[in-house]
Amino acid sequence: MNTLAELLHALECDAALPAAIELGAVLALPLPAARLPHAAHVLARSQAQLAGIVCEQRNGSFALRYPFWLPRGLPWLELVIDVTPGGTVPSISPRLFAADWHEREIEDLFGLIFSNHPFLGNFVLHDEVWPEQAFPMRHDFAATDADGAPSPYQPQQMLQAEGAFLMPVGPVYGGVSEAGQFLLDTLGEEITHCQTRLFYKYRGIEKRVEGMVAADALLLVERMNGTNAFAHALAAAQAIERACDCSVPARAQTLRSFWAELERLRSHAATIAGLCKSTALAVPTSLAYQRVEELLRL
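Residue numbers (the numbering used here): 271 to 568.
Keep in mind the hints are simulated off the structure, nothing from the lab.
Worth double-checking, as some hints may not be accurate.
[Said to hold, decoys possible] Just the calculated beta-carbon pair ranges, DEER-fashion:
no.: 1; residue 1: Gln430; residue 2: Pro355; range: 38 to 48 Å
no.: 2; residue 1: Gln560; residue 2: Glu348; range: 16 to 26 Å
no.: 3; residue 1: Gly391; residue 2: Gly433; range: 23 to 33 Å
no.: 4; residue 1: Pro554; residue 2: Ala509; range: 32 to 42 Å
no.: 5; residue 1: Glu459; residue 2: Gln424; range: 40 to 50 Å
The model shown is predicted, which means the values in this text are computed figures rather than measured ones.
C-beta: ideal position from N, C-alpha, C; glycine also.
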């Protein structure tokens with residue numbers, strides 16, 4: 271499908287095409303929840319790439335937004351699904367694996383259920399810390415209301431065979447590594463399954479910035495992660511500018527590109543250092559960290 275009209279026809283959508291589409295424009299398509307799996311299948315076949323899933327709480331319902339990047343110079347396409355409290359949404363993870371984490375995160379933080387998803391729950395909010403019915407991203411949530419009895423966590427062994435065992439790695443590491451646990455199913459040498467358990471340090475920054483003045487919110491966002499401070503600050507600034515319909519001067523755009531690329535280079539160098547360190551290559555690790563320090567001093 272080379273044109274937007276062909277794609278909309280395949281999606282069985284009768285939305286009117288705009289006369290002109292600017293670069294970076296987003297075309298929003300409201301869809302019934304039942305048609306979401308078909309739309310995801312069509313977009314996947316068209317080489318569209320899912321950029322995330324955004325959940326918005328309205329007065330009495332929720333809106334799920336699925337932004338897709340389209341090839342061949344087509345505009346961004348955003349599927350919009352309305353969900354009533356207590357309703358379910360078909361999971362698109364079987365067709366688009368990129369949706370897996372987003373659906374699990376929304377289920378934990380908003381309480382929306384994605385039908386046919388095999389691994390909902392105990393993702394961002396760990397069961398041994400958070401009560402089951404606590405949904406911190408809902409408007410009516412208050413930290414003082416998060417009471418209840420958390421559930422004990424018992425890791426599930428996937429490999430059932432003689433001599434098989436579950437080996438935990440983490441969640442605490444030395445250095446600057448974030449907390450994370452990897453549960454390895456193994457017979458000794460061969461690892462057959464790896465269960466990833468992250469979000470030990472979930473702080474609810476997105477909830478904290480609700481109602482804040484833009485300048486104060488930006489100050490908080492750029493301090494939430496020291497190694498990616500500029501990327502987070504840039505994303506927040508762009509979101510605020512888009513909401514306020516502000517234009518950014520050309521000089522500011524150029525400087526943003528420069529600093530973002532510099533931070534990206536530092537992140538790549540740090541990743542190379544981490545890979546070398548994880549495989550006990552001491553000399554390459556030192557050389558990579560030297561490049562990291564040189565980039566930080568620019």
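- Task: Confirm or reject the claim that Gln560 and Glu348 have a C-beta distance inside 16 to 26 Å.
- Result: violated (44 Å)
- Take a look at whether the Cβ-Cβ distance between Gln430 and Pro355 falls inside 38 to 48 Å. holds (39 Å)
- Given the range 32 to 42 Å, decide if the beta-carbon distance of Pro554 to Ala509 lies inside it. holds (38 Å)
- Given the range 23 to 33 Å, decide if the beta-carbon distance of Gly391 to Gly433 lies inside it. holds (30 Å)
- May I ask you to test the hint 40 to 50 Å on the CB atoms belonging to Glu459 and Gln424? violated (26 Å)
Violation of the numbered hints given earlier is confined to hints 2, 5; the remaining hints are satisfied by the structure.
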